[in-house]
Amino acid sequence: MRPVGVEEIESLAIGAWILGTGGGGSPYLALLNMRQLYRQGVVCRLMDADELADDDLVAVVSNMGAPLVGQERLTDPKTMALAVTMMEEYLGRKFRAVMSLEIGGGNSIQPFMAAAVLDLPVIDGDCMGRAFPEAQMTSFAIHDLRMYPLTLADVRDNAVVVARAASWKWMERISRKACVEVGSIASTCKAPRTGKEIKDCAILGSTTKAIGIGRAVQAARRAHRDPIDAVLEVAAGVKIFSGKIHDIARRTTEGFLRGTAAVEGLDDYRGHAFSLAFQNEFAVGWLDGMPRVMTPDLICVLDTVSGDAIGTETLRYGQRVTVIALPAPPILLTPKGIEHVGPRAFGYDLDFRSVFA
Amino acid sequence: MRRRIGIDVGGTNTDAVLLEEDAVTASVKTPTTPDVTTGITRALAGLVERAPGAREAEAAMIGTTHFTNAVVQRRDLGRVAAVRIGLPSGASLPPFVDWPEDLAELVRAEVVMLEGGHEFDGRPLVPFDARGMRAAARRIREARIQSVAIAAVFSPLNAAGEEEAAAIVQEECPGVAVTLSHRLGRIGLLERENAALLNACLIELARKTTRAFTEALRASGIAAPLYLTQNDGTVMLAEVAESYPVYSFASGPTNSMRGAAFLSKRDEALVVDVGGTTTDIGSLRHGFPREANNVVEIGGVRTLFRMPDLLSMGLGGGTRVLAPDLGTASALTIGPASVGYRLTEQALVFGGDVLTVTDVAVAAGLIDLGDRKRVASLPAKLVEAALTRIRAMIEEGVDRMKTDAGEAPLIAVGGGSFLVPPRLAGVSEVLNVPHQAVANAVGAAIAQVSGEVDQIFQDLSRDEAIARARRAAEDKAVAAGADRATINVVEVEDLPLAYLPGNSLRTRVRVVGEIARHA
Chain A
14 MRPVGVEEIE
24 SLAIGAWILG
34 TGGGGSPYLA
44 LLNMRQLYRQ
54 GVVCRLMDAD
64 ELADDDLVAV
74 VSNMGAPLVG
84 QERLTDPKTM
94 ALAVTMMEEY
104 LGRKFRAVMS
114 LEIGGGNSIQ
124 PFMAAAVLDL
134 PVIDGDCMGR
144 AFPEAQMTSF
154 AIHDLRMYPL
164 TLADVRDNAV
174 VVARAASWKW
184 MERISRKACV
194 EVGSIASTCK
204 APRTGKEIKD
214 CAILGSTTKA
224 IGIGRAVQAA
234 RRAHRDPIDA
244 VLEVAAGVKI
254 FSGKIHDIAR
264 RTTEGFLRGT
274 AAVEGLDDYR
284 GHAFSLAFQN
294 EFAVGWLDGM
304 PRVMTPDLIC
314 VLDTVSGDAI
324 GTETLRYGQR
334 VTVIALPAPP
344 ILLTPKGIEH
354 VGPRAFGYDL
364 DFRSVFA
Chain B
32 MRRRIGIDVG
42 GTNTDAVLLE
52 EDAVTASVKT
62 PTTPDVTTGI
72 TRALAGLVER
82 APGAREAEAA
92 MIGTTHFTNA
102 VVQRRDLGRV
112 AAVRIGLPSG
122 ASLPPFVDWP
132 EDLAELVRAE
142 VVMLEGGHEF
152 DGRPLVPFDA
162 RGMRAAARRI
172 REARIQSVAI
182 AAVFSPLNAA
192 GEEEAAAIVQ
202 EECPGVAVTL
212 SHRLGRIGLL
222 ERENAALLNA
232 CLIELARKTT
242 RAFTEALRAS
252 GIAAPLYLTQ
262 NDGTVMLAEV
272 AESYPVYSFA
282 SGPTNSMRGA
292 AFLSKRDEAL
302 VVDVGGTTTD
312 IGSLRHGFPR
322 EANNVVEIGG
332 VRTLFRMPDL
342 LSMGLGGGTR
352 VLAPDLGTAS
362 ALTIGPASVG
372 YRLTEQALVF
382 GGDVLTVTDV
392 AVAAGLIDLG
402 DRKRVASLPA
412 KLVEAALTRI
422 RAMIEEGVDR
432 MKTDAGEAPL
442 IAVGGGSFLV
452 PPRLAGVSEV
462 LNVPHQAVAN
472 AVGAAIAQVS
482 GEVDQIFQDL
492 SRDEAIARAR
502 RAAEDKAVAA
512 GADRATINVV
522 EVEDLPLAYL
532 PGNSLRTRVR
542 VVGEIARHA
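Residue numbers (our numbering), protein chains in the order written: chain A, 14 to 370; chain B, 32 to 550.
Looking at chain B on its own, in the form it has when it is part of the complex:
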């Protein structure tokens, strides 16, 4: 039997599910703990208790918003030395130039700009300043900077400059983490450099977190290999993923939308994911999140990652409701502040003294949580006004994410899905599905395997080169455990290389498929 464990570590809750074949056979929701690991250990203990078969799972997948949250909330970020290779070009726009100043100040430990880089046709721009790199590496060592991001002009076409710089850094600063921009992005120096800088400032956190995840899994008696889910709904082995935290930036929303599609068996729908702190609204196309077209900003930093197109609102179960006058409900505001994972201490129904959206929902009878009596005295007018406001927020969000005026089905998921009214303007039906509260963890459990080929083909037509790259990518995906019959091409890109002999075409093909069932 195919058994997989899916885990989602959100800002408020940590969820775990066991998927046996295509059925969710056990699920657990526990509060996320400040150290993250305790929450995972508790969730897994609960899962094993409910379904001892979880110990025999063949794979465990974790999706987490931990790294994105670190950037957004400006915490646990490492200081980074930025090395830009490309002078004399680009001198007026140094690394961090388009970062929000508060984030740049936290992360920027040293900025080094050196001569080097390449032309679009592979010629060197100017000779690489290896001596300058060595001097900078020594400064980096003396300043005890632990992480270095290196970006060179046209490195996706010729990575020699970045590789040479990395070798010097590793020689002079043993043990320092090095992120090379060409491994993370494509043409577009600033965005690629930003991706490398973000990755570099998260790498220490990623290593710690990933290792803690693994320990939590082992402590729970689960021997399955651990995978981290990626932005595109596929997985990467934890020991590889720990060096690329930026690849899992959007894995939370991706998992919740993929989980929503799986649970509802709908491929075309809007999805509303109500968590503890935020509500995300996205759109499913062919079972996958519709991607954002343009440059995506993470914590205010421009990158070229492919991310789900999401509308995020400050509305969740833990969102604070402020009503200066309880009687008239005038000047009532909802959020964006949230009590987050302290919901079970601070909300009225849990004995706290903060009025939250969950309290309003309990008072209105939408859900039974905590001690109902503690909200019995909330004026009906206030409860009604808050629910009207919540409905308006969701309706406006849904409307903004729709691409046409027609009505569309809406799948409600997340721990706060009880907040989604059964009827909404512009929505044909609101779909509530079993296990909707743990859709993220389900999405992690059904994550797919990918295969990618990035290769230069010579003297082939464009179609032939793409076909050949596609076959090779499919073979890679199958080798990684994918079922060949389910493989889809998700990305095709080709770039002609005028400087190489013959008709040279750099072709990149990425495919994904479901994990093959073991007989």
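Bound conformation, chain A alone:
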């Protein structure tokens, strides 16, 4: 266990936004909350999973909803913590630590907000290694762990406990309906995990990894080196395409932001076209009409100059972007993993082929 400096939270925000693959919501607002908390004297702690006893309980927290909504209805640390204390009351047991559901996007920092209020350490890890839109798209689901109970807190004193669910899909459907009802944003505490479950089934070390990516980008910027090269280097990624956004179509359905973006090639890619499909996160990318990169490989769209990640809700006409792919955690690449988070899980009738294969 070690204290986390506020400068590491700053790096985490940059790295996690890249690992968010367009979704997970921008970490900026969560970062602002953390700056406020650190100014008030809070110091969060990061804990390795192997420091957990097998029967310790860990709260897996996330802010659920559409990223666009999170830009308007700003989440505060108290509401994040509320979902955790609701779960403790429901279980009649105390948590040893909190952990992020997804390291991609704002949900990498939300657990720190809850941890700061609750004075608990944060586990170095998550259960996606990136961001995904649905509850069954986790390493815990791939390992067939129990998916209930779940607590969901709204800022208006609405609270929901999903006591049981027949499957991950059912848990997703029921909690999603509740989330949409309260405005497509809610703080959630997912099914509590034992120390053993975390050690066996979580994607460990992903918090440290995200901090490392963020730090590499910051160092590259300071040295006037290409921050995208720095990301490719530190995260063993591949450059896929570079160009200018020339069309975006978005629609909000069932609490998801779905749509497509078209990129017109520039420089080395001039004369080529790239298109991206997203459901909160980028799911598939086509080069000149042929599938080029697909989930669970991480599809990251970065500002060509600054290396900052660009979210699916902030894509804009005229932006110059570079598309890169980063390798997915091994658990997502197993046959069971592909079933949960491969292209068919997002409605694309494609056989998964990794750019790293």
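Think of the hints as simulated: they come from the structure by calculation, not from any bench. For glycine and all other residues, C-beta sits at the position ideal for the given N, C-alpha and C. Treat the hints with caution; some may be incorrect.
To be verified - Among chain A residues calculated to face chain B with C-beta under 8 Å, some are:
1) L42
2) N46
3) Q49
4) A79
5) L81
6) E85
7) P90
8) V168
9) H237
10) Y330
Here the structure of chain A is known, so what remains is to put chain B in place on it, guided by the hints.
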């Protein structure tokens, strides 16, 4: 004949040009005065003297960095009451939360957070706390706060909360300026609120300045309507623009780059604009400045404005050169401090005692200004070291703004363009064009007219809705004086509204075109 006057009010110089058809027929450069207006009056007097036809101009366009500078330099800012409508959400991140503390302290007069706002689907978040608003408005009146910024959660989708709050403020505090966030920005509460707060703290300055501009124009015997140039290279009538100072934040660099494209007849190039205090480097794509992708910060405040992607360096004609040892030129530093508009008093060649970049340029024979003899004693080593440093600064800046490794042409503009060496690493050619010193004013004179439609269409396909919005926007631009044949779409945005019946799509299209020639 089409005659237009373009004026640029910079930190150091005020420039004016007369554009007749497509030719610059007269230009004047005068120092900016502390009161701004005197400088404009002098520039216009000079212009009329050189070209009496300027009095018959059909339009006068002013571009100014006055408002941005006010924020950056923390001066002439009004105190603002911030009203946020959206509790219980967002309580931990109040207005001004991501402002630099020094600026927040200057501007923040009162922060009011009230229940209200809307959901993404148009339902109320919680009922609007009108009673709380009335109580706050009374406090605002008692505290004699003159400007109020109001931002409500999801106001771009449903502005009712902001409108209702504004009505209460206007009732309780007659004469107070009210800025509503939904008129300035889109989704993204903090950035939209920041835009409203910046606008509110500048509104008094904007009114004063715009009216002074108009008076200066009239005093010069020019009856043409006055327009203020906007961030996107288009114009807005002064009486409308005075309520939206934030829209002209980036008009200075936009004008200089558009002017550079016009004068050089190049649409694809890098542009270096060397002024009195700073050097801006940008990139032209299709004759327009390439825009910054991400959130743009003004004086340290995050906003969602679309701004030219610029690299700004502290290098200009008035930049101070510090050399502790004149003989060896060791430890020589250039800037970022500048004598600004006091160049003509403080620089060595003008009889002052401050060593500036202009003095170095005169000593090196790059330009003939002031009294050359006064810099004759500068050691050659020092002059050479300073010029080498300046070249390195420009080369590094150019390199940072390039998007590929190939060589690109570079258009040199601005009053200090004599500082740009004829050959630079990574540059295919340095283009020096006539009137390059007044490119900003030329850019203002050629500013375009825009048309915008932001409308909800029902039961149309996305393509049909966009096509219809585009036609309506084009009609608006033509009505405002644009030539239909030159109209381009610059922005298309659509947002589905799930809460309305039918297949509802909010579509926003913005077009720009050249001002049509009068027969």
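Each hint, compared with the structure:
no. : hint : verdict
1   : L42  : holds, 7 Å
2   : N46  : holds, 6 Å
3   : Q49  : holds, 6 Å
4   : A79  : holds, 7 Å
5   : L81  : holds, 6 Å
6   : E85  : holds, 5 Å
7   : P90  : holds, 6 Å
8   : V168 : holds, 5 Å
9   : H237 : holds, 7 Å
10  : Y330 : holds, 6 Å
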